[in-house]
Amino acid sequence: MFEVGENADGILAGVLFLIWLAAAILATRLAWRPTPEALRKSARRLLRLLVAALVVLVVKCVAIGLMLAVDWIFADNRVIVQMPLLLLPMLAVAVWTVPGLRALANRDDAPLDVATRSAAADPRFVVPVQVTAVATVVGVYFAYVSRPVPSYLDDIATHAAPILLSVLVLWFWQGRRLRAATATDFVRRGRRASALRATAQTAVVVLVVAAGIAYVAQSSRLPDRMSMTSHDNVDYGGGPSFGHGGHGGVSVDDLRGPQTGKPNKAFTLTAKNATVRLSSGTEIKALTYNGQSPGPELRVREGDLVEVTLHNEIPDENVTLHWHGLDVPNREDGVAGATQNAVEMGGSFTYRFIAEQVGTFWYHTHQNPLEAIRRGLFGALIVEPRDGPPPGERDVVVMAHEWRTPDDNIVSFGTSDTLQRQEIAPGTPVRLRLINTDNNPSTDSRPRSLTVNGTPVRVAAIDGVDLSGPTPLTDPRFGLATGGRYDVTFTMPANAVRLTDLANRDGGLVLAPPGDTSTPKVVDDGDQFDPLSYGSEGSRPFDAGSSYDRSFTQLLDDRLSFYDGGLHLVPIINGKSFPNTPTLMVRMGDLVKVRIVNRSHQNHPMHLHGHHALVLSRDGVRATGSPWWIDSLDVIPGQIYEIGFKADNPGLWMDHCHNLDHAANGMVMHLAYEGVTSPYELGRGTPNQPE
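Quick note: to get the numbering used here, add 24 to the position in the sequence shown (first position is 1).
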């Protein structure tokens, strides 16, 4: 209902503007009608426009009601800010304009006298219509550009100011027109001057608008150098404040993994240009690790000391390594400009950390990731249990990706964009590790959707955390968030099993017994997998009713505006884009709750670095299944999630939308611990571009 109401409300704002613009033009010209019949027709036409505006207003109220039915927060800005600014001038029209307009519409054919023209040009008659037209312009600005957020006091003032100013300007202007209307030669004089005046006014308006657009575009450009620790917008979540930098002054460089000791697993990854060939034969000019994409699969065991050395041989691309979902020490997190400088051509960087979590993770660059991940700088990271995987288990890693070419977007599993087959003996335990490495499919605004057909399956883990008591699912559809992972398990049956990305129904993976050449049919109408109530309730360290040290709200929205010099549908958090988004400030040991509200037109897979959070509720409904721990949570329009986590990994952590075009356009914020600083900078004047 939210999406219907939101989309309808935006359209209706534009319709109201067009109706009231036409009404204002008619009202302004009414006194200049040359004959009684022309005056009467224009008055009746204006009355019909006012009736149409009333109908649209009623429909707009219904649209707002649909949003209110979901939650107050989805429509409170409209109720508090927008509607009063529309209704007050409309009330003035009803009181001052409509009675006189009805008299003019029913006037007889008596010659037009000065009194009649004076009544039609009276500011009390005309200005309410003109001001209402201005209010609808503010309404369009509200719907598409400003997108106010609480507490709304400033928004009421800024949105009301142009309306109040228009009252003064239009009243003065219409007063001059009233005097002209009483002149005996006003029709001839008005016609002679109107063309020249209209041309001059249009030229002034065009010049002012063009200058304003140029100024706004230029002022939106990001600084050449920025620090992620220069927090101008700080949110303490209702907890005690401690200043922007706190005290103690711990650098992110000090928050590192073990620097001594022989690693249990050591890897070298070299970023380089290479041509990647898809199974269809399409060749991709890719960015790769070790000449391949996906990069080499890094498989380690719980408790291993892992060392990864990154080299860069790409002439025009800096790189890093971010361990997506693995809660490593802050210095090892691989975010350019926050925890390190990006590795330039010919440079190297070494990461060391202990693999403390068992599960499915992945790695990718966090330097210009929108382009670099799309072009291939990613790979799988698997942490097996300390004692190794279950005996006889067939472990299959599937990395869903969408390759961009000049001619097409190609949906694939790794480099397989056609249907692939693997032989597996019946009775073999199978684990499919599903990893979404890309944005939403280019044809959809929803999460990437995968399905498994041919046998019941269980979801054994989400984002690297095992689920409690997973139950069988038949032909499920998995909405896999960007950056998210599902471990899907089953025992291989005597028939073939098919995994399909519904954005590429001709591709996929078939697992079949030896000699079986059949291909299961794709079933796309199965139930959508919902982790909120899936599995059996296990132990939770806290829940929605617990007492939290800090509680934050992330209000996700979007608006049409300039960002870094370009005009975009800019995603925003609490009304701001990076670097003005709020920084969530915490202390070590805090229990933290975050309410995530998606009031935008698009879904947002929010990814918090360095922590796993427990989903507490969705849309007011408590999580009742297995404890659902996430690091990548997809929030679709109209949804409200509550999540909680323990602040137990000090550092400066990114929290951003993993639809990477959204992050590149400013949907980035930070979680900062008291006293943590960073010596690194980002921006065009540095080697660092983390988004």
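There may be inaccurate statements among the hints.
Unchecked claim - Derived BS3-like pairs (lysine-lysine); straight-line CA-CA distance at most 30 Å:
#, residue 1, residue 2
1, K600, K545
2, K296, K309
3, K296, K286
Just so you know, these hints were derived from the structure itself, not from any lab.
Query raised in the report: For which of the previously enumerated hints does the structure constitute a violation, in increasing order of number?
Result: The structure conflicts with hint 1 only, although it agrees with all the remaining ones.
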